[in-house]
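**Q** Chains as they are written, first to last, in this note's numbering: chain A, 1 to 101; chain B, 102 to 301.
Incorrect hints may have been included.
To give an idea of the chain B side of the interface with chain A (calculated C-beta under 8 Å), a few residues [to be verified]:
| hint | residue |
| --- | --- |
| 1 | Val137 |
| 2 | Val168 |
| 3 | Val173 |
| 4 | Tyr191 |
| 5 | Ala199 |
| 6 | Glu235 |
| 7 | Ala258 |
| 8 | Gly272 |
| 9 | Leu275 |
| 10 | Gly279 |
| 11 | Gln281 |
| 12 | Val282 |
| 13 | Ala286 |
Here are the computed distance ranges between Cβ atoms for each label pair [to be verified]:
| hint | chain 1 | residue 1 | chain 2 | residue 2 | range |
| --- | --- | --- | --- | --- | --- |
| 14 | A | Arg89 | B | Ser231 | 45 to 53 Å |
| 15 | B | Leu120 | A | Glu73 | 21 to 29 Å |
| 16 | B | Leu197 | A | Arg86 | 35 to 43 Å |
| 17 | A | Glu73 | B | Gln281 | 50 to 58 Å |
| 18 | A | Arg86 | B | Leu171 | 29 to 37 Å |
Covered stretches of chain B, going by a simulated chain A footprint (3 or more residues, C-beta under 8 Å) [claimed, not checked]:
| hint | region |
| --- | --- |
| 19 | 138-149 |
| 20 | 152-166 |
| 21 | 175-182 |
Keep in mind that the hints were calculated from the coordinates and are not lab data.
No residue lacks a Cβ here, since even glycine has one placed at the ideal position from N, Cα and C.
These are the residues of each chain, in order.
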Amino acid sequence: MIPLSHVLLLSGILFSLSVAGIFINRKNVLLLLMCIELMLLAVNFNFIAFAHHLGDLSGQVFVFFILTVAAAESAIGLAILVVLFRQRRSINVEDLDAMRG
Amino acid sequence: MIVNVLFYIFGAMLVASALGVITARNPVHCALYLVVAFLNSAVLWLLLGAEFLALTLVVVYVGAVMVLWLFVVMMMDVDVEKLRQGFTRYAPLGALLALVVVAQIAVVVWVRNLGLTAAPASAARPEGYSNTAELGHLLYTEYLYPFEVAAVILLVAIVAAITLTMRRRPGQKLQDIGRQVAVRARDRIRVVKMDAEGRQ
Chain A
1 MIPLSHVLLL
11 SGILFSLSVA
21 GIFINRKNVL
31 LLLMCIELML
41 LAVNFNFIAF
51 AHHLGDLSGQ
61 VFVFFILTVA
71 AAESAIGLAI
81 LVVLFRQRRS
91 INVEDLDAMR
101 G
Chain B
102 MIVNVLFYIF
112 GAMLVASALG
122 VITARNPVHC
132 ALYLVVAFLN
142 SAVLWLLLGA
152 EFLALTLVVV
162 YVGAVMVLWL
172 FVVMMMDVDV
182 EKLRQGFTRY
192 APLGALLALV
202 VVAQIAVVVW
212 VRNLGLTAAP
222 ASAARPEGYS
232 NTAELGHLLY
242 TEYLYPFEVA
252 AVILLVAIVA
262 AITLTMRRRP
272 GQKLQDIGRQ
282 VAVRARDRIR
292 VVKMDAEGRQ
């Protein structure tokens with residue numbers, strides 16, 4: 001049986017790698033979205049680890065819903081990205097300064 | 102025992118592919134590393150007893166979502182070098198941040214004991230146990246309304262993605278299906294009643 005803490009640490013490493021990825025690739029919207037996908041994967045790991053450890057299937061149901069929402073998010077995000085690229089010919093975050101907050 | 106060994110092997114591969122995602126130079130390589138990461142996590146989920154979700158991850162994520170990603174990445178003509186400016190400048194900060202997050206999680210997981218006792222049921226499943234059947238039973242009874250909300254979310258995502266990316270070029274010849282269906286015979290042909298002409 002796999003210890004719970006090892007799975008949690010693995011998902012923590014995965015999550016922190018994606019946080020670092022957001023930091024070092026902060027100009028490329030495409031990579032930012034990929035890092036968000038990795039973060040959601042890490043969160044799913046936690047749910048599955050606890051579902052396995054506690055013998056409760058509700059955690060797996062939550063993973064199911066997170067996968068649904070992540071798929072919807074990436075579809076809409078990529079659609080927005082395609083429209084953006086069509087308008088600006090660039091996916092650099094620094095070019096997106098139309099609103100100048 | 103073999104399960105533990107497999108867990109560490111595939112966990113190491115997962116971490117390596119996640120590193121590949123965040124450091125690869127070419128966005129196509131990033132997407133392919135992400136595919137490897139998803140496949141490795143599917144194996145890990147299998148080891149953790151989530152068979153249905155592992156297969157869903159492979160079919161839906163690797164099969165559909167990542168293909169969509171690759172299409173979008175290859176459609177765009179991205180100037181990679183310009184986007185990577187400041188990569189080395191921010192890499193130490195990113196690494197430091199990652200280490201801090203890992204340290205915090207390790208402290209929570211190990212030093213402060215979570216105080217959870219493992220369920221005895223998770224060790225030994227009864228004969229003929231099916232993860233898919235159990236999950237389906239739960240989804241269609243206890244989580245029926247969230248399940249339907251999830252379906253609506255997917256529908257909204259489809260509609261949003263299509264309306265965002267659809268464009269009409271000027272001068273394009275298109276069929277208007279609505280007008281075609283709405284056509285009736287009397288709009289198209291005119292029956293003229295007239296007397297027969299006499300022989301010339």
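**Q** Tell me, in ascending order, the numbers of any earlier hints that this structure violates.
**A** The structure conflicts with hints 1, 2, 8, 9, 10, 11, 12, 13, 17 and 18, although it agrees with all the remaining ones.
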